[in-house]
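Q: Now for the letters of each chain:
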Amino acid sequence: MSEAEIKNLEEAFEARIERDEKIEPKDWMPEKYRQTHIRQMSQHAHSEIIGMLPEGNWISRAPSLRRKVALLAKVQDEGGHGLYLYSATETLGITRDELFEQLHSGKAKYSSIFNYPTLTWADIGAIGWLVDGAAIINQVPLCNTSFGPYARAMVRVCKEESFHQRQGYEIMVKLAKGAPEQKEMAQDALNRWWWPSLMMLGPTDNQSVHTAQSMKWKLKRKTNDELRQQFIDQTVPQAELIGLKVPDENLKWNDAKKGYDFGDIDWDEFWQVVKGHGPCNKERMTARVSAWENGQWVRDAAMAHAEKQAASLQKEVS
Amino acid sequence: MKENLYNYILGIADNCLILGQRLGELCGHGPSLETDIGCTNIALDLLGQVRSYYQYAAQVEGAGKTEDDIAMLRPERGYFNTLLVEQPNTDFAYIMARQFLFDAYHYMFLQELKNSKDETLAAIANKSIKEVSYHLRFSTDWIIRLGDGTEESHERMQAAVNSLWTYTDELFHQTEADKVMISQGVGVETANLKEAYYGKVSEVLEKATLSVPESKYFQKGGKQGIHTEHMGYLLADMQYMQRAYPNMEW
Amino acid sequence: MKKEWPLWEVFVRSKNGLEHRHFGSLHAADADMALENARDVYTRRKEGVSIWVVESKNITASNPKNNGELFEPAQDKVYRHPTFYVLPDEVKHM
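Residue numbers (the numbering used here), protein chains in the order written: chain A, 68 to 385; chain B, 13 to 262; chain C, 37 to 130.
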């Protein structure tokens, strides 16, 4: 294809997105669009899968049967969401094995928040409330993103996620209204998860490299800072309602902007975790890689059995 | 009568609780995403059954206990599950062998429990049997795949079956409570299931190109509350919150 | 060995009387496993009463490059639609 032809195709492509048309896997697309989507979608999928670990850490210790089944179902949903997103990514011509390879080798990123430890039961509440809360803010706009398989996967994800945040907040409510130890546990979890949750919405707009392009392709509808403001404004009253204190001395309602002013985020900490030096980066990766490696013989066996079956079927026919 | 019924319910439910707990440990660490999700579904089914049983047990006992008191606050000696279900997740072959050896029993047991003179138990059995028949299909398929898969999977599966075989006979042991409940038409006469059980299990193992263990040395004790060394750790994990923070609501 | 389980497309009938609809895809070693996985992955919330699975490689898809010749010719066949035909005002429904 000549350069002029590509340019024509690109213009037609951008115009389709502009008109809110969906792009489907077999449609012509610029290589950069394909690569960007593989990166973002697989990163999203990896986050779901790694996200199973910190919460999975409390399945065996959940304090009641009701909490145990809710948590199991939630962690399982995350596996399901990872699966939907990997499948959607695979339509772009990359296999799940290749995507896992990128994750396990450290080439692919996932949401940094999952590199923090879950130390108490209240952390399960805090993750549902804050982390899922922040995730939903990020994800709802993606139901209208330009790439069809991603948008459809997100519709399913968002529908299923709706119970996750409630599940978390309910845990916090119960703790905050409980015995002094429980309330203390809830406050301690909020103290540790608040700032990482704010960081989870991404670097500030002047630091973010992808925003303009992502906006154009509807991978993003609002900037990181807008999303963060939205998250803070919706979460602070929820904390106040149950008598918990957001750990930010500078948090103050600003009547002029109809939103909260808040203190400085420690971006050094953010980048340290992103670069692989958070409290649990190594543990998370080790757990993933060993699950994958320990499962190799199982996957091989299933494949070998399927091939034997197919061969014997073939024999019967001929 | 009441105490016997109470203990009888626990005997059934504890198997589901402990196996559900073991499967819960696997969540997020399965050999493939799809399989992970499948195993968690089984855990959720079992824990759902547990709640029905314990809620009923609490009602039978009439001492104002909750399902969680029963699940989390007994000493090790007070759990009546069979030794089979408390065995650890050594590898996926052990996980599936444990599952299959239990499912085959569980399915036959519930088929009979459906006819119990106790209406609540019959109703729980009626609901659970659909779940358990799927569990049995799932684990049977995996036994066959792994038995008749690669050389390595065959060896691992055979090792798991050989190792867990020693816990199968206990499934058919009868405690005093069992005997009383059977005599009253409430409990299942497990002696009648034994032949069919080993027949079914052998049939699947053979289909999986595995040999049926010949060992006649069996372990027992779980149904009397005498467990393997694994049980203490499992309970320490499961009871942690209720023990560390007594008398609180979650 | 390291051979990836093939990809399958999953179609679910969500209610008696409705058609099967494409729900997504998954990996499985064989058809039985694909059905079990589909049940476990896509019907956790009572979403289905029947499932079809088909290995993705067995699906033949039209090429979007040919969309012009395939689908545009249908656009001007307005006489295939009821609104093309004029009725006297008195006839309210037909």
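A portion of the hints provided could be inaccurate.
[Claimed, not checked] Derived pair list, reagent style SDA-like, types lysine to any residue, alpha-carbon separation capped at 25 Å: (1) Lys93/C <-> Gly160/A; (2) Lys139/B <-> Leu71/C; (3) Lys82/C <-> Leu106/C; (4) Lys38/C <-> Asn259/B; (5) Lys39/C <-> Gln376/A; (6) Lys349/A <-> Thr78/B; (7) Lys241/A <-> Lys139/B; (8) Lys219/B <-> Gly362/A; (9) Lys241/A <-> Asn259/B; (10) Lys226/A <-> Gln111/C; (11) Lys39/C <-> Lys241/A; (12) Lys142/B <-> Leu106/C; (13) Lys382/A <-> Lys39/C; (14) Lys142/B <-> Phe47/C; (15) Lys89/A <-> Glu45/C; (16) Lys89/A <-> His56/C; (17) Lys39/C <-> Thr353/A; (18) Lys38/C <-> Gly160/A; (19) Lys342/A <-> Thr271/A; (20) Lys89/A <-> Leu106/C; (21) Lys93/A <-> Gln111/C; (22) Lys89/A <-> Lys39/C; (23) Lys244/A <-> Ala256/B; (24) Lys82/C <-> Arg133/A; (25) Lys39/C <-> Ala378/A; (26) Lys250/A <-> Ala171/B; (27) Lys250/A <-> Arg255/B; (28) Lys39/C <-> Lys319/A.
Bear in mind the hints are in silico, worked out from the structure with no lab data behind them.
Q: Determine for every hint whether it applies to the structure shown.
A: Status of the hints after comparison with the structure:
{"no.": "1", "hint": "Lys93/C <-> Gly160/A", "in the structure": "holds (13 Å)"}
{"no.": "2", "hint": "Lys139/B <-> Leu71/C", "in the structure": "holds (22 Å)"}
{"no.": "3", "hint": "Lys82/C <-> Leu106/C", "in the structure": "violated (37 Å)"}
{"no.": "4", "hint": "Lys38/C <-> Asn259/B", "in the structure": "violated (52 Å)"}
{"no.": "5", "hint": "Lys39/C <-> Gln376/A", "in the structure": "holds (16 Å)"}
{"no.": "6", "hint": "Lys349/A <-> Thr78/B", "in the structure": "violated (40 Å)"}
{"no.": "7", "hint": "Lys241/A <-> Lys139/B", "in the structure": "violated (31 Å)"}
{"no.": "8", "hint": "Lys219/B <-> Gly362/A", "in the structure": "holds (23 Å)"}
{"no.": "9", "hint": "Lys241/A <-> Asn259/B", "in the structure": "holds (14 Å)"}
{"no.": "10", "hint": "Lys226/A <-> Gln111/C", "in the structure": "violated (35 Å)"}
{"no.": "11", "hint": "Lys39/C <-> Lys241/A", "in the structure": "violated (48 Å)"}
{"no.": "12", "hint": "Lys142/B <-> Leu106/C", "in the structure": "violated (47 Å)"}
{"no.": "13", "hint": "Lys382/A <-> Lys39/C", "in the structure": "holds (23 Å)"}
{"no.": "14", "hint": "Lys142/B <-> Phe47/C", "in the structure": "holds (23 Å)"}
{"no.": "15", "hint": "Lys89/A <-> Glu45/C", "in the structure": "holds (20 Å)"}
{"no.": "16", "hint": "Lys89/A <-> His56/C", "in the structure": "holds (23 Å)"}
{"no.": "17", "hint": "Lys39/C <-> Thr353/A", "in the structure": "holds (23 Å)"}
{"no.": "18", "hint": "Lys38/C <-> Gly160/A", "in the structure": "holds (19 Å)"}
{"no.": "19", "hint": "Lys342/A <-> Thr271/A", "in the structure": "holds (17 Å)"}
{"no.": "20", "hint": "Lys89/A <-> Leu106/C", "in the structure": "holds (19 Å)"}
{"no.": "21", "hint": "Lys93/A <-> Gln111/C", "in the structure": "holds (22 Å)"}
{"no.": "22", "hint": "Lys89/A <-> Lys39/C", "in the structure": "violated (33 Å)"}
{"no.": "23", "hint": "Lys244/A <-> Ala256/B", "in the structure": "holds (18 Å)"}
{"no.": "24", "hint": "Lys82/C <-> Arg133/A", "in the structure": "holds (20 Å)"}
{"no.": "25", "hint": "Lys39/C <-> Ala378/A", "in the structure": "holds (17 Å)"}
{"no.": "26", "hint": "Lys250/A <-> Ala171/B", "in the structure": "violated (49 Å)"}
{"no.": "27", "hint": "Lys250/A <-> Arg255/B", "in the structure": "holds (18 Å)"}
{"no.": "28", "hint": "Lys39/C <-> Lys319/A", "in the structure": "violated (57 Å)"}
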